[in-house]
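Chain order of the listed sequences is A and B. Heads up: the first sequence runs through residues 507 to 683, numbered per this note's numbering. Heads up: the second sequence runs through residues 31 to 384, numbered per this note's numbering.
Source of the hints: derived by calculation from the structure; they are not laboratory data. Nothing here was measured: the structure is a model prediction, and the numbers come from that model. A hint or two may mislead.
[Stated by the list, open to error] DSSO-like, lysine-lysine: derived pairs with alpha carbons at most 30 Å apart: (1) B:K353 - B:K319; (2) B:K76 - A:K564; (3) A:K564 - B:K72; (4) B:K353 - A:K564; (5) A:K644 - B:K319; (6) A:K675 - B:K34; (7) B:K330 - A:K665; (8) A:K666 - B:K319; (9) A:K665 - B:K72; (10) B:K305 - A:K564.
[To be verified] Residues from chain B shown here face chain A by an in silico Cβ test under 8 Å; the list is partial: (11) K34; (12) M93; (13) M202; (14) Q205; (15) V238; (16) R290; (17) I366; (18) T368; (19) P369.
Just so you know, even glycine gets a beta-carbon here, dropped at the ideal spot from N, CA and C.
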Amino acid sequence: MSDLNVLFAGFGGQGILFTGKVMAYAALVEDKELSWLPSYGPEMRGGTASCSVCISDKAIGSPLVVNPDVLVAMNLPSLEKYMDDVVPGGIIIVDSSIVQREVEREDVKVVRIDASRIAEENGLKGAANMVILGKLFKETGFCSAESLDLGLQKSIPPKKAALLENNRKAIALGIEN
Amino acid sequence: MGEKVLMKGNEAIAEAAIAAGCRHFFGYPITPQTEVAAYMSKRMPKIDGVYLQAESEVASINMVLGAGAAGVRVMTSTSSPGVSLMAEGISYIAGSDVPCLIVNVQRGGPGLGGIQPSQADYFQATKSTAHGDFHMLVFAPSTVQETVDMISTAFDLGDKYRMPAMVLSDGMLGQMMEPVVLPDARDPDNDSKEWAACGHGNKREHNVVNSLYIDPRELETLVRKRYERYAEIEENEQRAEEYLTDDADIIVVAYGSSSRVSRSAIDMARKQGIKVGMVRPITLWPFPKKALLKHADHAKAFLSVEMSMGQMVEDIKLAVECKVPVEFYGRTGGVIPTPNEVLEQIIRINGGDQ
């Protein structure tokens, strides 16, 4: 895959920016061109947080993802706001524990994963974002499994190293489910 | 050279300045540039540097003037309204021939405006920063890596020509992360400036750094000498990057974030067979007139794409000497144009649907 533009969106606190960061670091490990652009300011307060990640073999043009190849929607407002922007043939990944709404589009692949419930049942509350990242990895193969793990390691600051294992488990659950 | 790391544009500005030997930072927080100051506040105390959060932008720029007059490598960073507050100090710095680095991570205006990315401070940076006849060197990065590389260039050229240099970034470039390789760290060079007003133990005549000249003829002579230097800079320091310009009928001109969007649009247009390329100004002052004028003979039109109501477009018109039409497309107030919007403009200028 030479070009991949991903838009992560959800509530603030769901780990939207962190999920994008892990993906960005995984691409860094593979020496790809990449950009990571967060929403900032009032956009994030109470509304939807979003994060654009572009990965390519060539220099990245606009780092703001307007028409994503993959949309990760972790809440209803995000799905409704962005679902029509996904490119035909693209993928919409939805946390179906939180979002029940159907996606009426026929020209995209809709992947529903019960991410929040899976995380909670496995003692990984708050790691639904990593379950989704596992799913995104499985659907797109945007990097190798080794790079994904290295990306995760690089994303977690030394002070929080204890969180590494839980994040690994959550990613594995996303790949399995 | 170090390893490739991921950094936010704002943090990269700070680390690049430290690598370039800057040990003096004075500033005041403002979104979307606060990470520069936050990063400096963590790093400077560990490397015997000065980090000082002043009570306002007015105070910070005057501290920059003081430190710069003493001959040290010094910087401040702010966002649009903050530069307006610094205006007087910047004029004093230019009038005193003191080098320094000013970073503007632009946000939407006028007034308090908004906090989303903008390029509406082009006039301010290149023409109307403050009172009096003067210029700043103005650099416009378009990637985080280029931001890093530009910081040391801006410091060095500021020193060479004894004048303030500005790096004109925006909220998008400041907040985004991209891979960067940081340059090898240079030692701080804080005492090689012969003109500096610093302690010398009575070993020489004292130096004066000043911008007050009561005798108009003396002031005119000084300003004229400064303008000789500016002419030299306009001759030697214009910088621009060209993208697919060789056979281009349409030349897009865009800098910074809007050049990233334009590049995407150009790639889309090329797939439709439209001969379009881009000249991306890297220096905004001096404006890269030469790079633009050389395309005025083969291009049918120029298109300025800006995150403003149209400011750089005036310089493009002057640069191409009215030989070809210069069109404009912009979004403002913190809205980022989309590649599709720019593509529509390219298609329109090319003569409608293919």
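Right, here's what the structure says about each hint:
Between the alpha carbons of B:K353 and B:K319 the distance comes to roughly 13 Å, so the proposed pair stays at or under 30 Å and holds. Among the hinted pairs, B:K76 with A:K564 is inconsistent with the structure: their alpha-carbon atoms are about 38 Å apart, more than 30 Å. Pair hint A:K564 plus B:K72 does not hold up; C-alpha atoms about 35 Å apart against a cutoff of 30 Å. Pair hint B:K353 plus A:K564 does not hold up; C-alpha atoms about 34 Å apart against a cutoff of 30 Å.
Of the pairs offered as hints, the one joining A:K644 and B:K319 is violated, with about 50 Å between alpha carbons and a cut-off of 30 Å exceeded. Taking the CA atoms of A:K675 and B:K34, the gap is near 28 Å; set against the 30 Å cutoff, the hint holds. For the hint pairing B:K330 with A:K665, the CA-to-CA distance comes to about 58 Å; that exceeds 30 Å, so the pair is violated. Restraint check: the Cα-Cα separation between A:K666 and B:K319 comes to about 51 Å, which exceeds 30 Å; the hinted pair is violated.
Of the supplied pair hints, the one linking A:K665 and B:K72 holds, its CA atoms being roughly 16 Å apart against a limit of 30 Å. For the hint pairing B:K305 with A:K564, the CA-to-CA distance comes to about 20 Å; that is within 30 Å, so the pair holds. Satisfaction of the interface hint for B:K34 is found here, the shortest Cβ-Cβ separation to chain A being roughly 7 Å, below the 8 Å cut-off. Annotation: B:M93 was flagged as interfacial toward chain A, and the flag is violated, the nearest CB pair being 28 Å apart, outside 8 Å.
Interface hint at B:M202: satisfied, since its Cβ lies 7 Å from the closest Cβ of chain A, which is below the 8 Å cut-off. The beta carbon of B:Q205 comes within 5 Å of a beta carbon in chain A, closer than 8 Å, and the hint placing it at the interface holds. Because the beta carbon of B:V238 sits about 45 Å from the nearest beta carbon in chain A, more than 8 Å, this interface hint is broken. For the restraint placing B:R290 at the interface with chain A, the shortest Cβ-Cβ distance is roughly 5 Å, inside the 8 Å limit, so the hint holds.
Evaluation of the B:I366 hint against chain A yields a held restraint, the C-beta minimum of about 6 Å falling below 8 Å. Interface hint at B:T368: satisfied, since its Cβ lies 5 Å from the closest Cβ of chain A, which is below the 8 Å cut-off. Because the smallest distance between the Cβ of B:P369 and any Cβ of chain A comes to about 5 Å, under 8 Å, the interface hint for this residue holds.
Comparing the model with each numbered hint stated earlier shows that hints 2, 3, 4, 5, 7, 8, 12, 15 do not hold.
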